[in-house]
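A.B. asks: Listed here are the chains, written in short residue letters.
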Amino acid sequence: GNSVTQMEGPVTLSEEAFLTINCTYTATGYPSLFWYVQYPGEGLQLLLKATKADDKGSNKGFEATYRKETTSFHLEKGSVQVSDSAVYFCALSPPRGYNKLIFGAGTRLAVHP
Amino acid sequence: GAVVSQHPSWVICKSGTSVKIECRSLDFQATTMFWYRQFPKQSLMLMATSNEGSKATYEQGVEKDKFLINHASLTLSTLTVTSAHPEDSSFYICSAAPSGRETQYFGPGTRLLVL
Numbered sequence: 001g002n003s004v005t006q007m008e009g010p011v012t013l014s015e016e017a018f019l020t021i022n023c024t025y026t027a028t029g030y031p032s033l034f035w036y037v038q039y040p041g042e043g044l045q046l047l048l049k050a051t052k053a054d055d056k057g058s059n060k061g062f063e064a065t066y067r068k069e070t071t072s073f074h075l076e077k078g079s080v081q082v083s084d085s086a087v088y089f090c091a092l093s094p095p096r097g098y099n100k101l102i103f104g105a106g107t108r109l110a111v112h113p
Numbered sequence: 001g002a003v004v005s006q007h008p009s010w011v012i013c014k015s016g017t018s019v020k021i022e023c024r025s026l027d028f029q030a031t032t033m034f035w036y037r038q039f040p041k042q043s044l045m046l047m048a049t050s051n052e053g054s055k056a057t058y059e060q061g062v063e064k065d066k067f068l069i070n071h072a073s074l075t076l077s078t079l080t081v082t083s084a085h086p087e088d089s090s091f092y093i094c095s096a097a098p099s100g101r102e103t104q105y106f107g108p109g110t111r112l113l114v115l
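Protein chains in written order, with the working numbering: chain R, 1 to 113; chain H, 1 to 115.
Treat the hints as calculated values from the structure; they're not laboratory data. Don't take every hint at face value.
As the list claims (entries may be wrong) - With a straight-line cut-off of 25 angstroms between C-alpha atoms, the simulated DSS-like cross-links for lysine-lysine are: (1) K49(R) / K100(R); (2) K68(R) / K56(R); (3) K100(R) / K55(H); (4) K66(H) / K100(R); (5) K66(H) / K55(H); (6) K100(R) / K20(H); (7) K49(R) / K77(R); (8) K66(H) / K41(H); (9) K41(H) / K49(R); (10) K41(H) / K77(R); (11) K41(H) / K100(R); (12) K56(R) / K77(R); (13) K64(H) / K100(R).
Stated by the list, open to error - Computed spacing ranges between beta-carbons, pair by pair: (14) K64(H) / T5(R): 24 to 32 angstroms; (15) S14(R) / T17(H): 47 to 55 angstroms; (16) S14(R) / S9(H): 31 to 39 angstroms; (17) T103(H) / T5(R): 17 to 25 angstroms.
For every residue, glycine included, the Cβ atom is placed at its ideal position computed from N, Cα and C.
Produce the complete structure using the sequences and hints provided.
C.D. replies: Here it is as structure tokens:
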């Protein structure tokens, strides 16, 4: 079946630190991969996505590369800010899945000044 | 753009009553809307896919008679939790996909507490 596994949080970093949130997936075929972010009190927002192997999604300084050989889509940012504090969800959409999304458990990030 | 609203944002009800949650796409039309349920510190679990003008498609293990979904227009889908019980207490989230596009836009969620 299809599933997404994320590293457990919370992740606590100081401002300007390097961020990595690991995400691996299990899927048949070639799914699309997504990172969503949920800021306190708000709905989930699409952060970035990649639709095929070796694609790199990027937005707001965040990046993730679709790695088929390791079935991974790790989220990275070179220098985090306090405003990046949120919950990050990795998700996949199966091929021919009619836009269904399967989410990981979410990783809470807290950035201190 | 691409804003999705939910109403109410939170609701407390007595066991045995029914609760209706609305999901609206404010600035786009959505042929498809999705309903998710999120337990504390857990992931979002897809409950059903709501298609405008047709019956919703429920995920395995979700009782369709318990969670009634109506997608009456291209901007509104409703989820009714019928005869709610304490185990139905959860955070319910909807999303909407603009017609012909893959990206989903999420509402802020509705917290339901059944006493």
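A.B. asks: Taking the hints in turn, state whether each one holds.
C.D. replies: Hint by hint, here is what the structure shows:
no.: 1; hint: K49(R) / K100(R); result: holds, 14 angstroms
no.: 2; hint: K68(R) / K56(R); result: holds, 12 angstroms
no.: 3; hint: K100(R) / K55(H); result: holds, 16 angstroms
no.: 4; hint: K66(H) / K100(R); result: holds, 21 angstroms
no.: 5; hint: K66(H) / K55(H); result: holds, 15 angstroms
no.: 6; hint: K100(R) / K20(H); result: holds, 23 angstroms
no.: 7; hint: K49(R) / K77(R); result: holds, 15 angstroms
no.: 8; hint: K66(H) / K41(H); result: holds, 24 angstroms
no.: 9; hint: K41(H) / K49(R); result: holds, 23 angstroms
no.: 10; hint: K41(H) / K77(R); result: holds, 24 angstroms
no.: 11; hint: K41(H) / K100(R); result: holds, 21 angstroms
no.: 12; hint: K56(R) / K77(R); result: holds, 13 angstroms
no.: 13; hint: K64(H) / K100(R); result: holds, 18 angstroms
no.: 14; hint: K64(H) / T5(R): 24 to 32 angstroms; result: holds, 29 angstroms
no.: 15; hint: S14(R) / T17(H): 47 to 55 angstroms; result: holds, 48 angstroms
no.: 16; hint: S14(R) / S9(H): 31 to 39 angstroms; result: holds, 33 angstroms
no.: 17; hint: T103(H) / T5(R): 17 to 25 angstroms; result: holds, 23 angstroms
In summary, this structure violates none of the numbered hints.
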